[in-house]
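Engineer: Spelled out, the chains give:
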Amino acid sequence: MWNYSPKMMDYFLHPRNAGEVESPDATGQVGNLVCGDSMKLTLKIDKETQRITDAKFLTFGCASAIASASALTELVKGKTVEEALELTDDDIASYLEGLPPEKMHCSVLGADALRAAIASYRGEAPPESVIDEKDLVCHCFGVTRHKIEDAVRAHGLTTVDEVTNYTKAGGGCGKCKDRIAEIIADVRGEARPARPERPSKMTNLQLIKLVEEALEKDIRPALRSDGGDIELVDVEKAPEGPRVTVNLKGRCAGCAASGITLKHFVEQTLRQRVDPGIHVIEDETDRGAE
Amino acid sequence: MSGTIYFDNNATTFVAPEVFEAMKPFLAEEYGNPSSLYKLAGRAKAAVDAAREDVAALIGAEPDEIIFTSCGTESDNAAVLSALSGGGAGARLVTTSVEHPAVLNLAKRMEKEGRPVTFLGVDSRGELDMDELRGSLDGAGALSVMWANNETGILFPIEEIAPLAREKGVPFHTDAVQVVGKMPIDVKEMPVDYLALSGHKLHAPKGVAALFVRRGAPFREFLVGGHQEGGRRGGTENVAGIVGLGVAARLAREGLEDERTRVRAMRDRLEEGLLSTCEDAHLNGDPGNRLPNTSDISFDFIEGESILLLLDREGICASSGSACTTGSLEPSHVLQAMGVPYTSAHGTVRLSLSRYNTDAEVERVLEVMPGIVKRLRQLSPFGRADPAG
Chain A
1 MWNYSPKMMD YFLHPRNAGE VESPDATGQV GNLVCGDSMK LTLKIDKETQ
51 RITDAKFLTF GCASAIASAS ALTELVKGKT VEEALELTDD DIASYLEGLP
101 PEKMHCSVLG ADALRAAIAS YRGEAPPESV IDEKDLVCHC FGVTRHKIED
151 AVRAHGLTTV DEVTNYTKAG GGCGKCKDRI AEIIADVRGE ARPARPERPS
201 KMTNLQLIKL VEEALEKDIR PALRSDGGDI ELVDVEKAPE GPRVTVNLKG
251 RCAGCAASGI TLKHFVEQTL RQRVDPGIHV IEDETDRGAE
Chain B
1 MSGTIYFDNN ATTFVAPEVF EAMKPFLAEE YGNPSSLYKL AGRAKAAVDA
51 AREDVAALIG AEPDEIIFTS CGTESDNAAV LSALSGGGAG ARLVTTSVEH
101 PAVLNLAKRM EKEGRPVTFL GVDSRGELDM DELRGSLDGA GALSVMWANN
151 ETGILFPIEE IAPLAREKGV PFHTDAVQVV GKMPIDVKEM PVDYLALSGH
201 KLHAPKGVAA LFVRRGAPFR EFLVGGHQEG GRRGGTENVA GIVGLGVAAR
251 LAREGLEDER TRVRAMRDRL EEGLLSTCED AHLNGDPGNR LPNTSDISFD
301 FIEGESILLL LDREGICASS GSACTTGSLE PSHVLQAMGV PYTSAHGTVR
351 LSLSRYNTDA EVERVLEVMP GIVKRLRQLS PFGRADPAG
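One line per chain: the protein sequences are A and B, in this order.
Just so you know, the first sequence maps onto residues 1 to 290 in this note's numbering.
Just so you know, the second sequence maps onto residues 1 to 389 in this note's numbering.
Read the hints as simulated data drawn from the structure, not as lab findings.
Backbone N, C-alpha and C fix where the C-beta goes; we use that ideal spot for every residue, glycine too.
One should not assume that every hint holds.
As the list claims (entries may be wrong) - Restraint ranges, calculated between C-beta atoms of paired labels, are given here:
{"no.": "1", "chain 1": "B", "residue 1": "Glu-62", "chain 2": "A", "residue 2": "Glu-97", "range": "53 to 63 angstroms"}
{"no.": "2", "chain 1": "B", "residue 1": "Lys-188", "chain 2": "A", "residue 2": "Asp-234", "range": "54 to 64 angstroms"}
{"no.": "3", "chain 1": "B", "residue 1": "Gln-378", "chain 2": "A", "residue 2": "Glu-74", "range": "15 to 25 angstroms"}
{"no.": "4", "chain 1": "B", "residue 1": "Phe-382", "chain 2": "A", "residue 2": "Asn-3", "range": "41 to 51 angstroms"}
{"no.": "5", "chain 1": "B", "residue 1": "Asp-312", "chain 2": "A", "residue 2": "Asp-91", "range": "52 to 62 angstroms"}
{"no.": "6", "chain 1": "B", "residue 1": "Asp-123", "chain 2": "A", "residue 2": "Glu-231", "range": "17 to 27 angstroms"}
{"no.": "7", "chain 1": "B", "residue 1": "Phe-382", "chain 2": "A", "residue 2": "Pro-101", "range": "50 to 60 angstroms"}
{"no.": "8", "chain 1": "B", "residue 1": "Thr-277", "chain 2": "A", "residue 2": "Gly-174", "range": "36 to 46 angstroms"}
{"no.": "9", "chain 1": "A", "residue 1": "Asp-234", "chain 2": "B", "residue 2": "Asp-123", "range": "23 to 33 angstroms"}
{"no.": "10", "chain 1": "A", "residue 1": "Glu-97", "chain 2": "B", "residue 2": "Ser-36", "range": "47 to 57 angstroms"}
{"no.": "11", "chain 1": "A", "residue 1": "Glu-97", "chain 2": "B", "residue 2": "Arg-269", "range": "33 to 43 angstroms"}
{"no.": "12", "chain 1": "A", "residue 1": "Thr-203", "chain 2": "B", "residue 2": "Gly-121", "range": "29 to 39 angstroms"}
{"no.": "13", "chain 1": "A", "residue 1": "Lys-79", "chain 2": "B", "residue 2": "Arg-313", "range": "30 to 40 angstroms"}
{"no.": "14", "chain 1": "A", "residue 1": "Thr-158", "chain 2": "B", "residue 2": "Glu-53", "range": "51 to 61 angstroms"}
Stated by the list, open to error - In silico DMTMM-like cross-links for lysine to aspartate or glutamate, where the CA-CA straight-line distance does not exceed 20 angstroms:
{"no.": "15", "chain 1": "A", "residue 1": "Lys-217", "chain 2": "B", "residue 2": "Glu-132"}
{"no.": "16", "chain 1": "B", "residue 1": "Lys-112", "chain 2": "A", "residue 2": "Asp-10"}
{"no.": "17", "chain 1": "B", "residue 1": "Lys-374", "chain 2": "A", "residue 2": "Asp-10"}
Stated by the list, open to error - Listed below are several chain B residues computed to face chain A (Cβ distance under 10 angstroms; list not exhaustive):
{"no.": "18", "residue": "Val-117"}
{"no.": "19", "residue": "Thr-118"}
{"no.": "20", "residue": "Gly-121"}
{"no.": "21", "residue": "Pro-218"}
{"no.": "22", "residue": "Leu-309"}
{"no.": "23", "residue": "Ala-337"}
{"no.": "24", "residue": "Leu-376"}
{"no.": "25", "residue": "Ser-380"}
{"no.": "26", "residue": "Gly-383"}
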């Protein structure tokens, strides 16, 4: 049982400003169903004064996510866009008289939605919409190094668990926990924790075996939980690094995000588990057959 | 209990009044240590012996095949480690990916420490592939398969699995914590070597449980100490708890028919009602192969913790496989193993009944649930009837 503050429960049970404003001037949607929480924020903004005249939210998520979204709408109303941008996740949490540590990511979601909405209003790309794959640390929840660094700085976080509470990073399969520890150390200017070295020279047979193992243990289960699957077609050694050819199957095959799945998830996982030089390509030969 | 509608009996159950009454003297004037040599101690020992007979009778065991423990987790841990004790550090454990953490996390830890472990998956109905299981038993050191899943209530075919393990000479443990007291069990008919049961799941208090160890099955003490429990479990007996478990076992035997008929009927009425009045709601698991008391339903586009808190406002207690209720960020391992899509896994509610529930309570849940689901869907950006705006 969570220890929710009376004010937070009040905002959950009687959410203020639920819904969507009519013909909004700004819309920000962050999170998704897979992550377990998502928020859509719509704003009405007076062009003359740059003041937010109305704000509404829709939230999929737990009680604290709903309350955080509702609190955010109350906080931004009447503020100018510039003033609104000053609001932080901590402001949302304190408005609700605190959130349990494990639920801090709910207030972060609110702050993210606000930034996304204002970016859309200004015609800018939403923050974090273009994720550099090298920057992605937590693949389960799509959290970047940048975002983890920000949270560590803003809240003085010192442990991986604290980073998970604020950003969700590390809360899924847990494979990125070592990297999160390194990022904390980097930001705080401490010595990095030691990390085991991987053998760099391996035979093609060893390589194939490791790729197969990683596919089976780390990649297939995640794809299957979304109704997809993956097939290994070929592994070739190349000067720039091993080239792994695969076939995405099931729901992954027709998925619009299959390119992202391939690069962000499959390739990153193989790079982490097998060889940092790996390139993953999709088998083109049987595309016509579908 | 007034005002509380308790539909979370797979989590724990209330202590039956008869159980509490029987325990009272052993928390007061009957404080003897069963190991001592005077009448006060003798009465405590006699009470423990009587309870052992009652627990044995509930599952068709001999009294000397019952070891009292402190909780289901202790029973499971002791059984799995005992089953492996004959095979050395390299003996492979076979288990399933949907076990209770009492087995699953022990298996994961052993795997980390270098022991080979096979985790059998389940299909979307929550069921095992029996061919895969059969194949996995070749050269295995031990097998541990739960009888019924605590989240979905799905029953694994122990009547097929136990003879198979016996045939291949693999010691077999079943975690029957969710089954004992809800369905008839007879270990004389079922060649399991170990079986775990827990008091607080069948109207005894928390802090007492038991492990069935078949005569001749390897056993290695889990708590090493005195001669209690025939030298198989050190530590002074929890006399009052054991007495309570004995009475609860007797009551459970008498209540089995009620579970099979009335409880099942209430569960079915509840489930059919919810699935017909709430849109985008799905039952998890094979409806024909479940405990009579459990219903696990996913509501698309909304989140389990929010549902539970709104139910709680109406005095209704239930559980969820959602991530947010436990502080974990991923939905339940059982739903993930079954391939339940994230879209619905986050909005899962488990309702588990007991023979102490009433039809009126079922009707009350049916009355309030559609409103709760509707209310949360109005707040959700997904699955909206009117996507415009």
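Engineer: Compare the structure with each hint and give your call.
Structural biologist: Results for each hint:
1. Glu-62/B / Glu-97/A: 53 to 63 angstroms: holds (59 angstroms)
2. Lys-188/B / Asp-234/A: 54 to 64 angstroms: holds (56 angstroms)
3. Gln-378/B / Glu-74/A: 15 to 25 angstroms: holds (19 angstroms)
4. Phe-382/B / Asn-3/A: 41 to 51 angstroms: Distance hint for Phe-382/B, Asn-3/A is violated at roughly 29 angstroms.
5. Asp-312/B / Asp-91/A: 52 to 62 angstroms: violated (29 angstroms)
6. Asp-123/B / Glu-231/A: 17 to 27 angstroms: holds (20 angstroms)
7. Phe-382/B / Pro-101/A: 50 to 60 angstroms: Roughly 27 angstroms apart at Cβ, these two residues miss the hinted range, so it is violated.
8. Thr-277/B / Gly-174/A: 36 to 46 angstroms: The hint (36 to 46 angstroms, Cβ to Cβ) holds, given that Thr-277/B and Gly-174/A are roughly 39 angstroms apart.
9. Asp-234/A / Asp-123/B: 23 to 33 angstroms: 30 angstroms Cβ-Cβ, so the 23 to 33 angstroms window holds.
10. Glu-97/A / Ser-36/B: 47 to 57 angstroms: Roughly 55 angstroms apart at Cβ, these two residues keep to the hinted range, so it holds.
11. Glu-97/A / Arg-269/B: 33 to 43 angstroms: For Glu-97/A and Arg-269/B the Cβ distance comes to about 42 angstroms; the hint holds.
12. Thr-203/A / Gly-121/B: 29 to 39 angstroms: holds (31 angstroms)
13. Lys-79/A / Arg-313/B: 30 to 40 angstroms: Holds: the Cβ-Cβ distance is about 33 angstroms, inside 30 to 40 angstroms.
14. Thr-158/A / Glu-53/B: 51 to 61 angstroms: 56 angstroms Cβ-Cβ, so the 51 to 61 angstroms window holds.
15. Lys-217/A / Glu-132/B: Given that 20 angstroms is the threshold and the Cα spacing comes to 17 angstroms, the pair holds.
16. Lys-112/B / Asp-10/A: violated (45 angstroms)
17. Lys-374/B / Asp-10/A: Judged against 20 angstroms, a Cα distance of about 19 angstroms means the pair holds.
18. Val-117: violated (13 angstroms)
19. Thr-118: violated (13 angstroms)
20. Gly-121: At about 9 angstroms, which falls below the 10 angstroms cut-off, the nearest Cβ of chain A leaves the hint on Gly-121/B intact, so it holds.
21. Pro-218: This hint is violated: Pro-218/B lies away from chain A, its Cβ roughly 31 angstroms from the closest one there, beyond 10 angstroms.
22. Leu-309: Given a least distance of 5 angstroms, the restraint on Leu-309/B holds.
23. Ala-337: Nearest chain A Cβ about 9 angstroms off; hint holds.
24. Leu-376: holds (8 angstroms)
25. Ser-380: holds (4 angstroms)
26. Gly-383: holds (9 angstroms)
Violated hints, listed in ascending order, are 4, 5, 7, 16, 18, 19, 21; each of the other numbered hints is respected by the structure.
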